[in-house]
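Visitor: Residue strings, one per chain:
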Amino acid sequence: MKIAIVGGKNKADFLIDSLLDKEHSLMVINDDESFCNYLAKTYKIPVFNGEYNKIYTLRDAGIENYDIVIALALFDSDNLAICQAAKRLLNVKKTVAVVSNPKYVDIFNKLGVDHAISATYLLSNIIEQVSVADSFLLSLSVEHNKLMLTEILLESTSPWVYRLIGTLQLPENTVIGCVLRGNDMLAGDSNLKLMPNDKLVILSPPEIQSRIIAVVSGKSK
Amino acid sequence: MLGNKKKSVIIAGCGKLGSSIAGSLSEQGYRVTIIDVDPLAFRKLSPDFSGFQIEGDATAINVLIDAGIENVDIFMATANRDNANLMISQIASVIFGVKQVYARLYDVEKEQLLKGLNIEAIFPAKLSIQEFERLSQIEIEE
Numbered sequence: 001m002k003i004a005i006v007g008g009k010n011k012a013d014f015l016i017d018s019l020l021d022k023e024h025s026l027m028v029i030n031d032d033e034s035f036c037n038y039l040a041k042t043y044k045i046p047v048f049n050g051e052y053n054k055i056y057t058l059r060d061a062g063i064e065n066y067d068i069v070i071a072l073a074l075f076d077s078d079n080l081a082i083c084q085a086a087k088r089l090l091n092v093k094k095t096v097a098v099v100s101n102p103k104y105v106d107i108f109n110k111l112g113v114d115h116a117i118s119a120t121y122l123l124s125n126i127i128e129q130v131s132v133a134d135s136f137l138l139s140l141s142v143e144h145n146k147l148m149l150t151e152i153l154l155e156s157t158s159p160w161v162y163r164l165i166g167t168l169q170l171p172e173n174t175v176i177g178c179v180l181r182g183n184d185m186l187a188g189d190s191n192l193k194l195m196p197n198d199k200l201v202i203l204s205p206p207e208i209q210s211r212i213i214a215v216v217s218g219k220s221k
Numbered sequence: 001m002l003g004n005k006k007k008s009v010i011i012a013g014c015g016k017l018g019s020s021i022a023g024s025l026s027e028q029g030y031r032v033t034i035i036d037v038d039p040l041a042f043r044k045l046s047p048d049f050s051g052f053q054i055e056g057d058a059t060a061i062n063v064l065i066d067a068g069i070e071n072v073d074i075f076m077a078t079a080n081r082d083n084a085n086l087m088i089s090q091i092a093s094v095i096f097g098v099k100q101v102y103a104r105l106y107d108v109e110k111e112q113l114l115k116g117l118n119i120e121a122i123f124p125a126k127l128s129i130q131e132f133e134r135l136s137q138i139e140i141e142e
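Chains C and F supply the protein sequences, listed in that same order. Quick note on this note's numbering: the first sequence kicks off at 1 and runs consecutively. Quick note on this note's numbering: the second sequence kicks off at 1 and runs consecutively.
Do not take every clue at face value.
[As the list claims (entries may be wrong)] With the C-beta cut set under 10 angstroms, the calculated list includes, among others, these residues of chain F facing chain C: (1) Gly-51; (2) Ala-60; (3) Met-87; (4) Ile-95; (5) Lys-110.
Keep in mind that the hints were calculated from the coordinates and are not lab data. Remember, it's a predicted structure, so these values are computed and weren't measured experimentally. By construction, the Cβ of each residue, glycine as well, lies at the ideal position given by its N, Cα and C atoms.
Extracted from the complex, chain F is given alone in its bound form (with noise of 0.2 angstroms):
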């Protein structure tokens, strides 16, 4: 039987999620790269994370390129600020032309920025009130 090669995914800025998401990703086989600037942010990852962690700034060009965003197949971007994963994201769907990218933002606002590109967003706000009116059965009006 062949060897499942299973796909590449660089993930910048690791904190709740992203570290999450690393572990999980790197246990089922995946080949993670995870970048985040500050390097006791990597203590939140899983101590059987067996993926690459760099140290260094996503936004700078040439940690993204040693990151191997050229050839990378998934990417998502975590950082804090959601003008940085705003940024990665374009850079990695329009630039490097990165198939999966996702992005994670808190201002449900920018999200017209992203229309026509091929970068899916993530809002922890809709779907915290997504999640309330599953629970509570009470319909939120946006």
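This is chain C alone, in the form it adopts within the complex (with noise of 0.2 angstroms):
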């Protein structure tokens, strides 16, 4: 796919690592000329030096019908109008941008940004989970916060090792999607008996996840 990364440092200087990895073409477009030089040494990739608060930058760094543009600069201000002028004007596919203010998520999203991200937004959501479980592992929120999912750890104190997952109670439209065990990935049959050390992966409605933990850590009927 191709590319587009508009500002940023750390964030730019990160992102573009793994996203060689997965073997995109990338372009990565930012104001400061000796980063974009560190960039272009380190990564052998096409870098824009240019004011990116000017849409001819954009326009002259050839990103029109890119797939995806990810907007990482400063001010939040800055990566709306980068994100609107890509999707408006030059026809990019999808635009991300980071948003400093968690309420701004929201707010992108109906401007017309595809995915806004704040780092604060999903740190909260992670902190919250984890003060109510030790086994718990990992916590994903899906469509826009309307699916969660929780990788969670069975201990041997839990109430439903050496249960079949059939015969387990699960809250409304909750499901044990996999279950890992040691190195092999086992589907959530409702027959497989679930044992101490499973990690099990369970999809749910985001208001039901900390139920969930409770009573998969037996802290709870």
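Make one complex out of these two single chains by using the hints.
Guide: Set out below in structure tokens:
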């Protein structure tokens, strides 16, 4: 895919590294000349040095028709302008913006940015859940927070050990997607018996998550 | 005779433009709230200014809500940066449905980003060219 990364410093650096691993075609746009030189030397990718606040910079960098534009500038307003210019004027398919203010996630979505990501927002979601259980391992929100994926370790003290999945009384709209046992990934079939140290990957609505974590860790009925 | 209830106005950015308009509207009886991140900027306001001054970042949503954006009649974006004005004018118009929204933009290219939106853009560069044309009787080709 053709991906453009606009602005940012540390975030851009890290992102470029991880995207190149996946063999995407990248264009980096940044206003800091020395940072541009550093990126060009380190990653051998096209780098365009220019003020990303100007629409002609984006145009001149040749990102028309790109698949994704990722806006990592310091100011939320700059990221909004970059994404809107990319989408409306340069026919870019998807736009992603980093926002510093979590309240802007929703606003940016309403103003046409496909994905607005707030570190604070994600962090607070995770911290909220970490405080509920020790055996809770990972939480991922999918589909704009409509679906929660929770990875939880089944301790030997859990009421769910040695039980068949089919006999468990799961809350509404909750599914055990799969079970990670050692190096194996097992499907969450109803006749699978859960063992201690299994890692369960559970899909549920976000509001059910804390209840599930409490049930699995044996902290509630 | 019924009291003439004048409209409410929020002006984001107390620069030369913002402060002048704030002063004039306040004199005419409009209920004006002006926002600026720098408290010294409010010195530009005339001593007769009788509206509200809010010290804060107009690009922060809670500041806009404190200023009353949810119910305001007129919103003017006259902050320093074009992108800030683009963002807050869209928040006013699209998110909060403010009926009259104005944004001052220096970069004429940005006009395209407001297409289809209920936001009136004011371009000092364009206006200056028009004024030059008028004064000199010379037509300027764009």
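Visitor: Each hint needs a verdict: does it hold in this structure or not?
Guide: Against the structure, the hints come out as follows:
no. : hint    : in the structure
1   : Gly-51  : 25 angstroms, violated
2   : Ala-60  : 7 angstroms, holds
3   : Met-87  : 4 angstroms, holds
4   : Ile-95  : 6 angstroms, holds
5   : Lys-110 : 7 angstroms, holds
Consistency with the previously given hints fails for number 1 only.
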